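Asker: Please model the entire structure based on the sequences and the hints provided.
In this note's numbering, each number is its position in the first sequence, counted from 1, plus 16.
One or more of the hints may lead you astray.
Claimed, not checked - List of simulated lysine-lysine pairs, DSS-like, C-alpha gap at most 27 Å:
1) K319 with K273
2) K184 with K262
3) K55 with K138
4) K252 with K292
5) K246 with K21
6) K184 with K273
7) K349 with K262
8) K317 with K273
9) K218 with K250
10) K117 with K55
11) K245 with K185
12) K249 with K321
13) K67 with K246
14) K316 with K273
15) K349 with K316
16) K42 with K218
17) K349 with K292
18) K349 with K250
19) K349 with K247
20) K262 with K218
21) K67 with K292
22) K67 with K245
23) K185 with K218
Hints listed in this document are in silico derivations from the structure and should not be mistaken for laboratory results.
Just so we're clear, the structure is a prediction, and the values are computed from it rather than from any experiment.
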Amino acid sequence: MRDKKLQSIDISGFQNDLIHWYQNNKRDLPWRKDKDPYKIWVSEIMLQQTKVDTVIPYFYRFIEKFPTVQALAAADQQDVLKAWEGLGYYSRARNLQNAVKEVVASYDGNVPANPEDLGALKGVGPYTKGAILSIAFDQPEPAVDGNVMRVFSRLLLIEDDIAQQRTKKLFESYVREMIDESDPSSFNQAIMELGALICTPKSPACLLCPVQEHCQAFAEGRQEELPIKKKAKKQKTIPYVVLLIKNEETDTFIIEKRSDQGLLANLWQFPMVPIKEIGWEHLERWFYNEYGITLQLQEKKGKLKHVFSHIIWQLDIYTATTNISVMDDHRLKAVDMCELVNYPFPVSHQKMMTYIGANQISHNLGEAETKE
DNA sequence: AAAGCGTGGCG
DNA sequence: TCGCCAAGCTT
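Answerer: Right, dumping it as structure tokens:
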């Protein structure tokens, strides 16, 4: 029994209008040059919560450095993170490499072409699974991302909160009814392309839309109201003192590897003191207890506000000096300024490198804020 | 189910 | 400046 929402839709007419538009308007993107499942996979992981323009240069560099499943599986995780540096959501990179190792170990290096095995891989959720199956293997599986939910919420006038997990399942069932089984790759990509180019979140270009005549929201002039999405909570601000600690004798700076779990896992940073918990008066003492290093605070170099999706770092950046050169703790390293480029840093800490005269190591970095 | 997890661009 | 948003997954 077909859903009520679909009864008024001319499905094959919709498919034809959509896919015809896609064939004539699709962007020439690097992951559309061939159907290598590995490249499709890499692109889909990079594109999670990330704009196409941001991904393109990363994709080129990543594929050049790790051209095959085997190459990525054999790589050092730090090199993988370095290639991901600046893209964000770094667990994507760690999960991708874990998954690729599994593909080499269990599937002879061939990306599985069935939902069960593919979906069991680290970092491959419902969307990515459907995207790989449809785009690389021409299987009629839904690939429901934010674009698809936006397009379909307008097309079918669906008012469920798209932030809810169960809403995505609802959209998957609609896509299963609507998908073009003769070309699921084009169908899925066309919906996403439409969402990116025409059916945009704000001010959708309905007058240019190839499926305008099928759209129930447009018929009622309600396209701007959809989709419905619950607002995110505001982030909490956490103040830190960041220490750019120089050993004058060896001309090195102290960097620290972050925990292998949680925020920015396994990336490197300049040591940070959660100053609200510690208190200024206990800073040096706490630092010695924590790291075994005595330091002399020098001067404040500036401050940075760094906004994450869920928290905000308020960073006061200081230079400091130390005499301690021993570094048997492997989480800490004393490195020459030139060596900084070999370690993956979060963007916030890349910006601080300008304060110690290091060359900017990133391809995508602006000036740090130095104002008070 | 809801929170944790990055970054850059845009109005 | 600030809130929203982008081809989501994990726990």
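Asker: Does each hint hold? Answer for all of them.
Answerer: Checked hints:
1. The straight-line distance between the Cα atoms of K319 and K273 is roughly 22 Å, inside the 27 Å bound, and the hint therefore holds.
2. With a C-alpha separation of about 51 Å, the suggested pairing of K184 with K262 is violated against the 27 Å cut-off.
3. This hinted pair checks out: K55 and K138 have alpha carbons roughly 16 Å apart, not beyond 27 Å.
4. Among the hinted pairs, K252 with K292 is consistent with the structure: their alpha-carbon atoms are about 13 Å apart, no more than 27 Å.
5. For the given pair, K246 sits about 23 Å from K21 by alpha-carbon distance, which is consistent with the 27 Å threshold.
6. Annotation: proposed proximity of K184 to K273 is violated, straight-line Cα distance about 37 Å (limit 27 Å).
7. The hinted pair formed by K349 and K262 meets the criterion: a straight-line CA distance of about 12 Å does not exceed 27 Å.
8. Between K317 and K273 the CA atoms are separated by roughly 23 Å; this keeps the pair inside 27 Å, and the hint holds.
9. Straight-line distance between C-alpha atoms of K218 and K250 comes to about 21 Å, which keeps the hinted pair within the 27 Å bound.
10. Taking the CA atoms of K117 and K55, the gap is near 15 Å; set against the 27 Å cutoff, the hint holds.
11. Simply put, K245 and K185 have alpha-carbon atoms about 16 Å apart, close enough for the 27 Å limit, and the pair holds.
12. Proximity of K249 to K321 is assessed by CA-CA distance (about 18 Å); at most 27 Å being required, the pair is judged to hold.
13. For the proposed pair K67 and K246, the alpha carbon gap of about 22 Å is at most 27 Å, so the pair holds.
14. Between K316 and K273 the alpha-carbon distance is near 23 Å, which keeps this suggested pair within the 27 Å criterion.
15. Only pairs whose Cα atoms come within 27 Å are accepted, and K349 paired with K316 is accepted, the gap being roughly 23 Å.
16. A C-alpha spacing of about 21 Å is found between K42 and K218, which places the hinted pair at or below 27 Å, so the restraint holds.
17. For the proposed pair K349 and K292, the alpha carbon gap of about 26 Å is at most 27 Å, so the pair holds.
18. For a cut-off of 27 Å, the pair hint linking K349 to K250 is broken: about 35 Å separates their Cα positions.
19. With a C-alpha separation of about 42 Å, the suggested pair K349 and K247 falls outside the 27 Å cut-off, and the hint is violated.
20. A hinted pair counts as satisfied when its Cα atoms are at most 27 Å apart, and K262 with K218 does not qualify at roughly 48 Å.
21. About 35 Å separates the Cα atoms of K67 and K292, which puts this hinted pair outside 27 Å; it is violated.
22. Only pairs whose Cα atoms come within 27 Å are accepted, and K67 paired with K245 is accepted, the gap being roughly 20 Å.
23. A threshold of 27 Å between alpha carbons decides the hint, and for K185 with K218 the separation of about 24 Å falls inside it, so the pair holds.
Checked against the numbered hints listed earlier, the structure breaks hints 2, 6, 18, 19, 20, 21; every other hint is satisfied.
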